[in-house]
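One line per chain: the protein sequences are A and B, in this order.
Residue 188 in the numbering used here sits at position 188 of the first sequence, and the numbers go up by one each step.
One gets the numbering used here by counting positions in the second sequence from 1 and adding 1000 to each.
Just so you know, these hints were derived from the structure itself, not from any lab.
Just so it is clear, CB atoms sit at the ideal spot from N, CA and C, and this is done for glycine as well.
Treat each hint with caution, since some may be false.
Said to hold, decoys possible - Pair by pair, the computed Cβ-Cβ distance ranges are:
hint: 1; chain 1: B; residue 1: Lys1067; chain 2: A; residue 2: Arg169; range: 25 to 33 Å
hint: 2; chain 1: B; residue 1: Trp1069; chain 2: A; residue 2: Tyr196; range: 36 to 44 Å
hint: 3; chain 1: B; residue 1: Lys1067; chain 2: A; residue 2: Tyr196; range: 40 to 48 Å
What the hints assert, rightly or not - Taking lysine-lysine and the DSSO-like style, the derived pairs with C-alpha atoms no more than 30 Å apart in a straight line are:
hint: 4; chain 1: A; residue 1: Lys247; chain 2: B; residue 2: Lys1067
hint: 5; chain 1: B; residue 1: Lys1182; chain 2: B; residue 2: Lys1030
hint: 6; chain 1: A; residue 1: Lys247; chain 2: A; residue 2: Lys19
hint: 7; chain 1: B; residue 1: Lys1077; chain 2: A; residue 2: Lys20
hint: 8; chain 1: B; residue 1: Lys1137; chain 2: B; residue 2: Lys1178
hint: 9; chain 1: B; residue 1: Lys1178; chain 2: B; residue 2: Lys1131
hint: 10; chain 1: B; residue 1: Lys1030; chain 2: B; residue 2: Lys1067
hint: 11; chain 1: A; residue 1: Lys20; chain 2: B; residue 2: Lys1137
hint: 12; chain 1: A; residue 1: Lys19; chain 2: B; residue 2: Lys1131
hint: 13; chain 1: B; residue 1: Lys1125; chain 2: B; residue 2: Lys1178
hint: 14; chain 1: B; residue 1: Lys1077; chain 2: A; residue 2: Lys19
hint: 15; chain 1: B; residue 1: Lys1067; chain 2: B; residue 2: Lys1077
hint: 16; chain 1: B; residue 1: Lys1125; chain 2: A; residue 2: Lys20
hint: 17; chain 1: A; residue 1: Lys19; chain 2: B; residue 2: Lys1070
hint: 18; chain 1: B; residue 1: Lys1070; chain 2: A; residue 2: Lys20
hint: 19; chain 1: B; residue 1: Lys1125; chain 2: B; residue 2: Lys1137
hint: 20; chain 1: B; residue 1: Lys1250; chain 2: B; residue 2: Lys1268
hint: 21; chain 1: B; residue 1: Lys1137; chain 2: A; residue 2: Lys19
hint: 22; chain 1: B; residue 1: Lys1137; chain 2: B; residue 2: Lys1238
hint: 23; chain 1: B; residue 1: Lys1178; chain 2: B; residue 2: Lys1067
hint: 24; chain 1: B; residue 1: Lys1268; chain 2: B; residue 2: Lys1238
hint: 25; chain 1: B; residue 1: Lys1125; chain 2: A; residue 2: Lys19
hint: 26; chain 1: B; residue 1: Lys1250; chain 2: B; residue 2: Lys1238
hint: 27; chain 1: B; residue 1: Lys1182; chain 2: B; residue 2: Lys1077
hint: 28; chain 1: B; residue 1: Lys1178; chain 2: B; residue 2: Lys1210
hint: 29; chain 1: B; residue 1: Lys1077; chain 2: B; residue 2: Lys1178
hint: 30; chain 1: B; residue 1: Lys1210; chain 2: A; residue 2: Lys247
hint: 31; chain 1: B; residue 1: Lys1077; chain 2: B; residue 2: Lys1131
hint: 32; chain 1: A; residue 1: Lys247; chain 2: B; residue 2: Lys1070
hint: 33; chain 1: B; residue 1: Lys1077; chain 2: B; residue 2: Lys1125
hint: 34; chain 1: B; residue 1: Lys1070; chain 2: B; residue 2: Lys1030
hint: 35; chain 1: A; residue 1: Lys20; chain 2: B; residue 2: Lys1131
hint: 36; chain 1: B; residue 1: Lys1030; chain 2: B; residue 2: Lys1178
hint: 37; chain 1: B; residue 1: Lys1077; chain 2: A; residue 2: Lys247
hint: 38; chain 1: A; residue 1: Lys20; chain 2: A; residue 2: Lys247
hint: 39; chain 1: B; residue 1: Lys1210; chain 2: B; residue 2: Lys1030
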Amino acid sequence: MRTQLHTTGLRTLTWFSAKKLIVHRRWAIALLIAILVGAVMGYFATEIEEGITAASDLLNILVLFFFMPILALIYGASMIRNEIDDRSITQVLTSPMDRRLSYLGYYFALSLVLALLLMLVTTIGWACFFAVKGFDASSLELLFGYLLTVCIGALVYSALFLVFGVVLRHPIYLGLFYVFIWEDFVGSIPGAAENYTIRHHLLVLASSWIDYGEVATMTGDPWMSAMVLFGLTIALLAIGSWAFWNKEVP
Amino acid sequence: MTDPVILANALSKWYNEVIGLNSFNLEIGKGITGIVGPNGSGKSTLFKLVTGTIRPNSGTLLVMGQKPWKNPEQLSKIGFCPDYDFLPPDLTGREFLSFSGGLHGMQGTPLDARIEEVLAVVEMKGAADRKLGGYSKGMRQRMKIAGSLIHDPELLLLDEPLTGTDPMVRREIIELVKHLHKDHGHDIVVSSHVLHEIERMTHQVALIYKGRAVASGDISEIRRLMSDHPHDIVLEGKEMLALARLLLDKQFTVSLELSPDRRTLHVKVSQPEEFFDEVPDLIRESGSTIERMESLDDDLESVFRYLVRW
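Work out the full structure, taking the sequences as your base and the hints as a guide.
Structure follows, in structure tokens:
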């Protein structure tokens, strides 16, 4: 009986939360990002001679370096926090679903929507570039490589920013600190500091299936990075669900 | 003697330096129970504690014999309709109920059947496929109640279900609450800051003031005490001058004040129950159209001060 309650509840919460994220007016931001990435990649394709290597580097900079953490922050940090603030979380909190499971429902919805949006942005950028340069088998291989990378990135970043929204009253500030100060600034300082960023491990992992551009030159053990990302995601989910379970919502 | 539905013993809850409930003692039995108190008296805090969304700082709270904090299983027996508006505007009424049912583990044909049943109970079948954002206040209240009923709970908690509704909707919701207990067997705890509205639903009340239960039991005794105390009532609508003239002739009218635009009438009455009994006839006789009528919160505050001799 409890199993049916939890599976149905989890499915319902994931489905309705994903729908809510998609219809929210933030879709306009995602659309603008997709147009921007498409325009930049299309323009570069007409201006430079390099082909697939340049495409890989552009996708790396535009999607992995910049828009993936930004989109994850915009969607993830506000997801539960907005529901607490506008009190639409009442139905979830007063349902018999275990709160730790409800937290997973939010996480699945966020990861799903984020992965879909990032795949859309990546595909549009890729299509605009190769529409000029010409599509071939290696360009498709590059696309699938980046799609896989953004899906994994969506899973990890969602776990990170969802915790911020549960634990902090104004999660956006810590989120901005992480993205711009920690990943972009501290992470680019020569030495071991980059080992403590999600992006570094994501790039090391991606280097095992992307053979073009700067990503392919990443050094490090992809298996170790996979384990780090997996462990971090699980740890963040455990912290988030524990915080949600213990959270008072006046 | 059956076990109490809600039992609070020396229950306290505070938010930083603000006290929500203070050494609160209350026993609520089966049937319909009204919780009456001015805004900020602790009614909503009590509901939040009962649903386990917040935890008590001290004291004990038992709901159907169990502690509610971190006890999600118990929520399958409780339906909660909060005082605030939380309905997602982009969903239709039916989708909202489907979401509520899904969170309670309901799905497929049984859920569809239950949605139809609940829509019939709250008389919202005709508007079920419209977006919630386009609903009137009364329709939204009905849909909130429907959401709290979807899993057929034993205990229904209605926090200020009449606030902000016009007299017609108030009457309909009052009838609905009585119907839910009489014909569907739900135990109901309903809050309001207007005693007269609660009186139309039940005679079993608890009065809360500044985080404490100051009186509980049969309403008739409490009403007798309160009848001696003047009440301020505000009426808003059209043709209020004619209504004011009729009210002037009544013994229970202590004073009248009509706003310059002649749409708002403040009446101070000495016997509120007589006022409420006679006002429908007076409205009809005067040809007035009433858009809003309520006892002012400040007035209830003064009644509570009067009751506790502060």
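Hint check results:
1. For the pair lysine 1067(B) and arginine 169(A), the supplied restraint of 25 to 33 Å holds, since their beta-carbon distance comes to about 28 Å.
2. Checked against the given bound of 36 to 44 Å, the beta carbons of tryptophan 1069(B) and tyrosine 196(A), roughly 37 Å apart, stay inside it.
3. Distance hint check for lysine 1067(B) and tyrosine 196(A): the Cβ-Cβ separation is about 42 Å, which falls inside the suggested range of 40 to 48 Å.
4. Restraint check for lysine 247(A) and lysine 1067(B): the C-alpha separation of about 17 Å stays at or below 30 Å, so the hint holds.
5. A hinted pair counts as satisfied when its Cα atoms are at most 30 Å apart, and lysine 1182(B) with lysine 1030(B) qualifies at roughly 12 Å.
6. Taken as a hint, the lysine 247(A) and lysine 19(A) pair is honoured in the structure, with Cα atoms around 25 Å apart against an allowance of 30 Å.
7. Taken as a hint, the lysine 1077(B) and lysine 20(A) pair is honoured in the structure, with Cα atoms around 28 Å apart against an allowance of 30 Å.
8. The straight-line distance between the Cα atoms of lysine 1137(B) and lysine 1178(B) is roughly 20 Å, inside the 30 Å bound, and the hint therefore holds.
9. The hinted pair formed by lysine 1178(B) and lysine 1131(B) meets the criterion: a straight-line CA distance of about 28 Å does not exceed 30 Å.
10. Restraint check for lysine 1030(B) and lysine 1067(B): the C-alpha separation of about 18 Å stays at or below 30 Å, so the hint holds.
11. As the CA atoms of lysine 20(A) and lysine 1137(B) are separated by approximately 23 Å, the hinted pair is consistent with the 30 Å bound.
12. Distance check on the hinted pair: lysine 19(A) and lysine 1131(B) sit about 15 Å apart at the alpha-carbon level, within 30 Å; holds.
13. Taken as a hint, the lysine 1125(B) and lysine 1178(B) pair is honoured in the structure, with Cα atoms around 20 Å apart against an allowance of 30 Å.
14. About 28 Å separates the Cα atoms of lysine 1077(B) and lysine 19(A), which keeps this hinted pair within 30 Å; it holds.
15. Only pairs whose Cα atoms come within 30 Å are accepted, and lysine 1067(B) paired with lysine 1077(B) is accepted, the gap being roughly 13 Å.
16. Restraint check: the Cα-Cα separation between lysine 1125(B) and lysine 20(A) comes to about 24 Å, which is no more than 30 Å; the hinted pair holds.
17. A threshold of 30 Å between alpha carbons decides the hint, and for lysine 19(A) with lysine 1070(B) the separation of about 28 Å falls inside it, so the pair holds.
18. The hinted pair formed by lysine 1070(B) and lysine 20(A) meets the criterion: a straight-line CA distance of about 27 Å does not exceed 30 Å.
19. Among the hinted pairs, lysine 1125(B) with lysine 1137(B) is consistent with the structure: their alpha-carbon atoms are about 16 Å apart, no more than 30 Å.
20. About 12 Å separates the Cα atoms of lysine 1250(B) and lysine 1268(B), which keeps this hinted pair within 30 Å; it holds.
21. Between lysine 1137(B) and lysine 19(A) the alpha-carbon distance is near 25 Å, which keeps this suggested pair within the 30 Å criterion.
22. Pair hint lysine 1137(B) plus lysine 1238(B) holds up; C-alpha atoms about 21 Å apart against a cutoff of 30 Å.
23. Taking the CA atoms of lysine 1178(B) and lysine 1067(B), the gap is about 28 Å. The hint holds against a cut of 30 Å.
24. The suggested pairing of lysine 1268(B) with lysine 1238(B) holds, with an alpha-carbon distance near 19 Å, which does not exceed 30 Å.
25. Restraint check for lysine 1125(B) and lysine 19(A): the C-alpha separation of about 24 Å stays at or below 30 Å, so the hint holds.
26. Of the pairs offered as hints, the one joining lysine 1250(B) and lysine 1238(B) holds, with about 20 Å between alpha carbons and a cut-off of 30 Å not exceeded.
27. Using a Cα cut-off of 30 Å, the hinted pair lysine 1182(B) and lysine 1077(B) holds, with the two alpha carbons roughly 18 Å apart.
28. A threshold of 30 Å between alpha carbons decides the hint, and for lysine 1178(B) with lysine 1210(B) the separation of about 28 Å falls inside it, so the pair holds.
29. For the given pair, lysine 1077(B) sits about 19 Å from lysine 1178(B) by alpha-carbon distance, which is consistent with the 30 Å threshold.
30. Between lysine 1210(B) and lysine 247(A) the alpha-carbon distance is near 25 Å, which keeps this suggested pair within the 30 Å criterion.
31. With a C-alpha separation of about 28 Å, the suggested pair lysine 1077(B) and lysine 1131(B) falls inside the 30 Å cut-off, and the hint holds.
32. Restraint check: the Cα-Cα separation between lysine 247(A) and lysine 1070(B) comes to about 10 Å, which is no more than 30 Å; the hinted pair holds.
33. With a C-alpha separation of about 25 Å, the suggested pairing of lysine 1077(B) with lysine 1125(B) holds against the 30 Å cut-off.
34. Simply put, lysine 1070(B) and lysine 1030(B) have alpha-carbon atoms about 24 Å apart, close enough for the 30 Å limit, and the pair holds.
35. A hinted pair counts as satisfied when its Cα atoms are at most 30 Å apart, and lysine 20(A) with lysine 1131(B) qualifies at roughly 14 Å.
36. For the given pair, lysine 1030(B) sits about 13 Å from lysine 1178(B) by alpha-carbon distance, which is consistent with the 30 Å threshold.
37. Between the alpha carbons of lysine 1077(B) and lysine 247(A) the distance comes to roughly 22 Å, so the proposed pair stays at or under 30 Å and holds.
38. Between lysine 20(A) and lysine 247(A), the direct Cα distance comes to roughly 23 Å. Compliance with the 30 Å bound is thereby established for this hinted pair.
39. Taking the CA atoms of lysine 1210(B) and lysine 1030(B), the gap is near 25 Å; set against the 30 Å cutoff, the hint holds.
Checked against the numbered hints above, the structure violates none of them.
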